[in-house]
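Chain order of the listed sequences is A and B. The first sequence begins at 0 in numbering that gives the first Met the number 0 and counts up one residue at a time. The second sequence begins at 0 in numbering that gives the first Met the number 0 and counts up one residue at a time.
Keep in mind that the hints were calculated from the coordinates and are not lab data. The beta carbon of each residue, even a glycine, is placed where N, CA and C say it ideally should be. Possibly wrong hints are sitting among the right ones.
Looking from chain A toward chain B, a few residues come up when the C-beta cut is under 8 Å (computed) [unchecked claim]: (1) V140; (2) T261; (3) E263.
For lysine-lysine, the following DSBU-like pairs were computed, each having C-alpha atoms within a straight-line distance of at most 35 Å [stated by the list, open to error]: (4) B:K213 <-> B:K224; (5) B:K213 <-> B:K2; (6) A:K181 <-> B:K83; (7) A:K291 <-> A:K32; (8) A:K181 <-> A:K291; (9) A:K203 <-> A:K291; (10) A:K32 <-> B:K213; (11) A:K203 <-> A:K62; (12) A:K181 <-> B:K224; (13) B:K215 <-> A:K32; (14) A:K291 <-> B:K215; (15) A:K181 <-> B:K213; (16) B:K213 <-> A:K291; (17) A:K156 <-> B:K83; (18) B:K2 <-> B:K215.
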Amino acid sequence: MEVNNMEMEAKTQESSQSPSGLIILWREIVRDKLALVSLIFLVLITTFVYGIALFLDQSEIIKVDLFAIHEPPSKEFWLGTDYGGRDVFGQLIIGTRNSLSIGILVTLMTGVIAIVFGLVAGYFGGAVDNILMRILDFFMVLPFLMIVIVFVSIVPKYSILSFSLIMTAFLWMGKARLFRAKALQESELDYVQAARTLGTPSIKIMFTHVFPNIYSIIIVAMTLALANNIGLESGLSFLGFGFPESTPSLGTLMSYARNPQTLEYRWWIWLPAAILILLIMLSIRNVGEALKRATDARQRRG
Amino acid sequence: MWKFTVRRMLIMIPQLILLSLLIFIMAQMMPGDALTGLIDPSVDPETIEQQREKLGLNEPWHVQYADWVSGAVQGDFGQSFRFKMPVTDLMMERMINTFWLSLVTLIITYIISIPLGITSGRYNDTWADQAITSYTYIGFATPLFIFALVMLWIFGFYFGWFPTGGSVKPGLEPGTFEYILSRFNHLLLPAISMSLIATVSTVQYLRNDIIDTKQKDFIITARSKGAPESRVYNRHILRNSLLPIAAFFGYELTGLIGGTVFVETIFSYPGMGQLFIESITLRDYSVVTATTLLFGVAAVLGTLISDIILSIVDPRIRIK
């Protein structure tokens with residue numbers, strides 16, 4: 000990071016002070032047109048679904064209306080209705096909000112675990128690192144999808160919270176490994192040694208010295224993980240092991256397509272959700288890739 | 000090399016033990032036990048109690064665990080509640096179906112990804128490379144189940160080119176040429192769907208590796224000695240870049256496990272993944288436990304194979 004900043008400074012000659020990590024990230028996004036468009040799209044769709052959802056009544060939308068089963072799109076139902084006569088467009092809005100919420104929640108929770116794990120393993124190294132890495136290796140080889148599905152179906156009093164906790168328990172490893180590698184590199188540098196020599200408590204070195212120097216990588220990894228988590232949630236809901244039907248998500252809308260009749264003849268139920276998942280995941284990735292370039296001075300554009 | 004292989008295999012043992020423990024705990028948490036699959040509810044409680052004693056269900060957990068593991072090693076996973084038959088017999092046919100699906104998927108994956116990766120790396124920053132890079136970019140962000148659904152919708156239902164479910168057309172005699180053709184026809188669309196997503200990481204790896212190798216000193220040496228371009232690529236660059244691809248075979252296998260669950264469900268292809276989803280929906284837990292264990296062991300073995308091949312291909316890994 001130190002070196003990157005110096006390069007930036009020499010190149011731009013703009014200021015006497017080197018730009019902070021956040022400013023570098025922001026500059027890279029603005030320079031990349033695709034990432035900027037994606038970011039605007041994400042901000043718009045997020046404010047839209049969270050804003051509209053304030054005025055929409057979820058119980059109204061998921062109420063079964065037997066007189067309007069499988070209606071094709073019309074003026075009254077913009078995207079038609081599903082097998083319970085429920086408005087697909089309303090479900091799409093609420094569903095996007097729910098999918099985004101759980102994606103963000105899982106990403107934050109896995110992020111916290113991964114940061115603590117990575118910092119502890121990377122900073123202490125040696126035996127601590129060895130033991131922690133063996134634990135991580137074990138979690139890595141588990142067949143994620145099947146274990147999560149089994150837990151989802153055997154947990155008593157299943158709820159959205161337990162769903163996100165189960166996902167978190169088996170999703171933190173990739174990030175933890177990355178953060179540990181970065182923290183390990185950082186901990187070998189002189190400033191950490193100096194802080195140690197001065198008798199600074201380990202916990203303070205980890206969170207106020209090492210952490211600020213790896214946080215741009217953390218932001219990148221979490222952005223890319225957010226896209227994956229939204230995809231995983233919709234995949235699990237699609238199989239019927241995520242959100243229940245009473246809480247619509249993009250995945251539950253997709254799960255109607257498991258009925259061949261719906262898949263073949265009633266595209267309005269599942270296709271909008273599919274397109275929306277793709278657009279959201281692609282946009283988040285676009286932003287994430289731009290951020291990734293920003294953390295590597297050699298790849299920055301301009 | 001042997002040292003690494005032995006050490007790597009030793010690491011696998013605690014992994015397998017932990018895996019079996021985790022699955023055993025999950026099995027204990029599931030409602031019902033091995034007996035619920037065997038008896039009908041009208042039998043009086045005393046007989047049930049005797050049966051429980053006989054099957055060892057009243058023993059402490061570690062004895063039960065040992066029984067379960069030794070049974071599993073010998074291929075005895077108990078009785079299926081739904082089919083009233085041994086789980087092992089039930090899984091045999093499904094396992095063969097999944098094996099063929101995975102094999103065809105792997106073959107298609109390599110057929111597509113290696114030429115694409117080589118083209119993309121050799122002619123980088125041309126229009127062909129840009130097209131391939133866009134494909135991998137979109138492929139990375141596309142969840143498999145959405146892609147498979149769209150493929151089924153377009154090619155299965157709209158055009159009707161492929162069958163939309165099952166593993167073989169009913170009424171055909173096993174062993175005949177038509178039977179084999181029908182089976183192949185049934186697994187082609189799921190396999191193509193899975194491979195088109197699975198190729199993405201191989202293509203990207205190959206592209207980056209070739210671009211990296213292109214600038215290395217030994218390639219410049221080869222060129223300056225007057226080696227023709229085809230020789231530079233086939234003998235010097237590809238030999239370097241293709242070997243790790245071969246080593247990723249095991250990781251590919253691990254990745255397929257999650258894929259088959261989605262793809263088999265979507266195409267109603269009677270394999271292990273579909274069996275798993277069906278059994279868990281119908282609460283046939285002895286089957287769930289057995290399939291999860293098998294998939295877990297497959298994942299552990301896949302990683303092991305890749306690690307060992309990788310250590311043969313790339314000696315630097317052995318030093319760690």
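We went through each hint and held it up to the structure:
Because the closest C-beta pair between A:V140 and chain B is about 5 Å apart, less than 8 Å, the hint holds. A least Cβ separation of about 10 Å between A:T261 and chain B goes past the 8 Å threshold, and the interface hint is therefore violated. The interface hint given for A:E263 is met, as the beta carbon of that residue sits about 4 Å from the closest beta carbon of chain B, less than 8 Å. Under the criterion of a C-alpha separation no larger than 35 Å, the hint pairing B:K213 with B:K224 is consistent with the structure, at around 15 Å.
For the given pair, B:K213 sits about 33 Å from B:K2 by alpha-carbon distance, which is consistent with the 35 Å threshold. The hinted pair formed by A:K181 and B:K83 fails the criterion: a straight-line CA distance of about 54 Å is larger than 35 Å. Distance check on the hinted pair: A:K291 and A:K32 sit about 15 Å apart at the alpha-carbon level, within 35 Å; holds. A hinted pair counts as satisfied when its Cα atoms are at most 35 Å apart, and A:K181 with A:K291 qualifies at roughly 14 Å.
Taken as a hint, the A:K203 and A:K291 pair is honoured in the structure, with Cα atoms around 27 Å apart against an allowance of 35 Å. Between A:K32 and B:K213, the direct Cα distance comes to roughly 30 Å. Compliance with the 35 Å bound is thereby established for this hinted pair. The suggested pairing of A:K203 with A:K62 is violated, with an alpha-carbon distance near 53 Å, which exceeds 35 Å. A threshold of 35 Å between alpha carbons decides the hint, and for A:K181 with B:K224 the separation of about 41 Å lies outside it, so the pair is violated.
Pair hint B:K215 plus A:K32 holds up; C-alpha atoms about 33 Å apart against a cutoff of 35 Å. Restraint check for A:K291 and B:K215: satisfied, since their Cα atoms lie roughly 25 Å apart, inside the 35 Å limit. Between A:K181 and B:K213, the direct Cα distance comes to roughly 28 Å. Compliance with the 35 Å bound is thereby established for this hinted pair. About 24 Å separates the Cα atoms of B:K213 and A:K291, which keeps this hinted pair within 35 Å; it holds.
This hinted pair checks out: A:K156 and B:K83 have alpha carbons roughly 30 Å apart, not beyond 35 Å. For the hint pairing B:K2 with B:K215, the CA-to-CA distance comes to about 31 Å; that is within 35 Å, so the pair holds.
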